Amino acid sequence: MDQLSTKWIIHLLFSLCFLGVSCNSVGKKIYVDLNNTVPCVRLLNATHQIGCQSSLSGNVGVLHVLESEENLDWVLDSGPNPPYMVILETPLFTRSIMMKLKNGSSRVAGVAFVVPNSNPAGGFSPHTSCPNENSGVYTEGYDPTLANCKNTVWNPLGSGLSYEDFDFPIFSLKDDNDTEVIRQCYIVHNRPVNGSTPRYPLCAMQLFSHMSAVTNTPTCMRRNDINFSISPEYVCDPLGDSNVWGSSRPLNNTAKGHKMWESVVIAAARLDSRSFFSNVAPGTESAVSGFVTLLAAAHALRNATQEAQPNRTILYAFFQGEAFDYIGSSRMVYDMEKNQFPLDMDNIHSVLEIGQVGLRSDSKLWLHTDPVSRRNATVNKEVEELIENLQLVARELNISGEEPNLSQPLPPSSFQRFLLNRPIPGVVLEDHRSEFYESMFDNREYLNITYPPELTPEEQLEYVTDTAKALTEVATMVGRALYKQAGGEDSQLKNINADSQIVRLVKIISINQNFFSNDRPLNLYVGVYQQASEPTALVHHLLANLTGSVLNITQENCNNQREDEEDKESKHVGHTAVFLLLAPPNSTERRGFCVRSTSRVFRALSPAFEEHNYTNKAYSTWTESRWKSIRGRIFLVASHELEMLTLGVGIGVLLTSLLLTYFISSKADILFSSAREPTNATY
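With mature numbering (1 follows the signal peptide of the UniProt record, and there is no 0) applied, the sequence shown corresponds to residues -23 to -1, 1 to 660, in that order.
Hints are computed from structural coordinates only; laboratory data are not their basis.
All of these numbers come straight from a predicted model, not from anything done at the bench.
Note that CB positions come from ideal geometry on N, CA and C, so glycine has one too.
The reader is advised that the hints may include incorrect statements.
Derived lysine-lysine pairs resembling DSS-like cross-links, with alpha carbons at most 25 angstroms apart [said to hold, decoys possible]:
(1) LYS341 with LYS233
(2) LYS5 with LYS605
(3) LYS341 with LYS446
(4) LYS6 with LYS236
(5) LYS594 with LYS315
(6) LYS79 with LYS5
(7) LYS446 with LYS471
(8) LYS151 with LYS446
(9) LYS127 with LYS341
(10) LYS127 with LYS446
(11) LYS79 with LYS471
(12) LYS236 with LYS315
(13) LYS5 with LYS151
(14) LYS233 with LYS127
Pairwise CB distance ranges (calculated) [as the list claims (entries may be wrong)]:
(15) ASN353 with LYS233: 50 to 58 angstroms
(16) LYS233 with GLU157: 18 to 26 angstroms
(17) TYR639 with THR192: 46 to 54 angstroms
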């Protein structure tokens, strides 16, 4: 290789390196990346796909801020620059508008929903009007008059948007600086003035949320199974997580199946919620109020059950995936049937489930029961006894606990999955409300968790709100009723009192303070089975801390379930040791300690995936599609004519460069002869 060729190669490499370094800065000058975006993702079950997705390269559309429903005509018909990326405010995020956009999707590139800083008036629920209607106990075979919410519509505001399939991306945007930039870009470049057509350049948005899975769960799981690559790429994953359970006295976890002479009262609550946008599911009323109340009740029962153990064992159960056809509760029933749990169905005496109990001053707490199973005289007698226990302690605490009409079915609840197996006495304690059921607005504002304006953030941590006081009373009621239902002594009831400082967890969880290293609310979406969720880990550790005893041993011995290095086998059957890292109040430094308790986790994966029966109608078959990239950005787009002109000029420059290069190369001997030495030169 001659010296001239070497120089050309060096110059070429230098130019490529320069382009690689500078391309990122050029991209920043062209695009404005959007922060705080949350997508609607694709979910699949045995028969359908729901959710949203973009094309592989992302959907691009000209921005249009929808100001009223009448303004839809610009997007769907008269606008001269389709496709459009529609920006929606809360009052316009309705089923009517979204279905019109869906049906006119050839002119719609996507939707961006601006989340307001306060909850909308009038309520909002993207769930169906009859939640989990195909997976609960109320089917045509159980009682035709109660099937499909014929008797009671539990979510009358439900629009069903969460169960629609959109072929364009839908993102939520936090109402902050990004949305202000979007509005200004629209006003300056895109907004029509006096009916005139906006001129180029126009403000455009690009959303990336391409989903790998299509059609339904059987299809995507089959595609997962036929992947022959060394590093296979799966297209979907089952929804699921882990359930959490503990007991008032140890149960031998190694011996599965029926326990002779063992009778348990199950106290249950759900851990999950959902919304239209998967990563924004605070579930403060639908889930947090229930499981925090049960945690506080378990803490209140710790001393009483140790000093005077009742005849029956109280089993605390926290179920995951209940928003998706009762994944967690159906798994517990399945494991009990298959002798894969320390108990079986015959060991269950009764069930008390705590649902939505975020009381208001004008609300009542309802004691819901199943009218069908109560036709059995034995079951009815036990149900009446449980109701009597609840109402007795409720009156002592000035709580209004009332029983609805006997013909009214149960609200959506985990207890329904137990009833599918056999008639069991049980009560669902719930003040069922549907204003923001399974939506992003089921948050701390909805529970009216407010503070006097003069309090500092540190003082707010110690302040007990009216909501916390109300939930403390409910937790005390639950604890005392469980103790009586388990056969405990009445003399111990006055010693069972919930701690309002424990109930303050509702506020702390709703803003995710002191638990994890971010400031967003805890997301209660169940997620996929391979990924452990924050709510499960949080409740597992809290249950251990609130019901267990602290051990003065090292972290290594704690993790190895032993008291010291000479401890070769477990001396505490039915217990498990957990090493906790918690931050004391007003501190960011976490301290570690070992706790021995009965708190455990077990799989909350639908039995349909255990049996590889993806068309199973008896169990949940929900999966979540995988994706490559989730992001959004805005930029200015030129007219089609200018783009074609730019392309033509670029092609012309390229052809000219090629011709010039060819000419220089062919005449190199003449043009560069002075740079060469004569071949016959001598020295």
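Here is how each hint holds up against the structure:
1. About 40 angstroms separates the Cα atoms of LYS341 and LYS233, which puts this hinted pair outside 25 angstroms; it is violated.
2. Taken as a hint, the LYS5 and LYS605 pair is honoured in the structure, with Cα atoms around 21 angstroms apart against an allowance of 25 angstroms.
3. Proximity of LYS341 to LYS446 is assessed by CA-CA distance (about 15 angstroms); at most 25 angstroms being required, the pair is judged to hold.
4. A distance of roughly 69 angstroms separates the Cα atoms of LYS6 and LYS236; the hinted pair therefore is violated under the 25 angstroms criterion.
5. About 19 angstroms separates the Cα atoms of LYS594 and LYS315, which keeps this hinted pair within 25 angstroms; it holds.
6. The hinted pair formed by LYS79 and LYS5 fails the criterion: a straight-line CA distance of about 32 angstroms is larger than 25 angstroms.
7. Only pairs whose Cα atoms come within 25 angstroms are accepted, and LYS446 paired with LYS471 is accepted, the gap being roughly 18 angstroms.
8. For a cut-off of 25 angstroms, the pair hint linking LYS151 to LYS446 is broken: about 32 angstroms separates their Cα positions.
9. Of the supplied pair hints, the one linking LYS127 and LYS341 holds, its CA atoms being roughly 24 angstroms apart against a limit of 25 angstroms.
10. For the suggested pair LYS127 and LYS446, the alpha carbons sit about 36 angstroms apart, so the restraint of at most 25 angstroms is broken.
11. At most 25 angstroms may separate the alpha-carbon atoms for a hinted pair to count; LYS79 and LYS471 exceed this at roughly 59 angstroms.
12. Annotation: proposed proximity of LYS236 to LYS315 holds, straight-line Cα distance about 14 angstroms (limit 25 angstroms).
13. With a CA separation close to 21 angstroms, the supplied pair LYS5 and LYS151 stays within the 25 angstroms bound.
14. Distance check on the hinted pair: LYS233 and LYS127 sit about 40 angstroms apart at the alpha-carbon level, beyond 25 angstroms; violated.
15. Evaluation of the 50 to 58 angstroms hint for ASN353 and LYS233 yields a failure: the beta carbon distance comes to about 28 angstroms.
16. Look at LYS233 against GLU157: about 58 angstroms separates their beta carbons, and that is not inside 18 to 26 angstroms.
17. Distance hint for TYR639 and THR192: a CB-CB separation of about 53 angstroms, consistent with the stated range 46 to 54 angstroms.
Of the numbered hints listed earlier, those contradicted by the structure are 1, 4, 6, 8, 10, 11, 14, 15 and 16.
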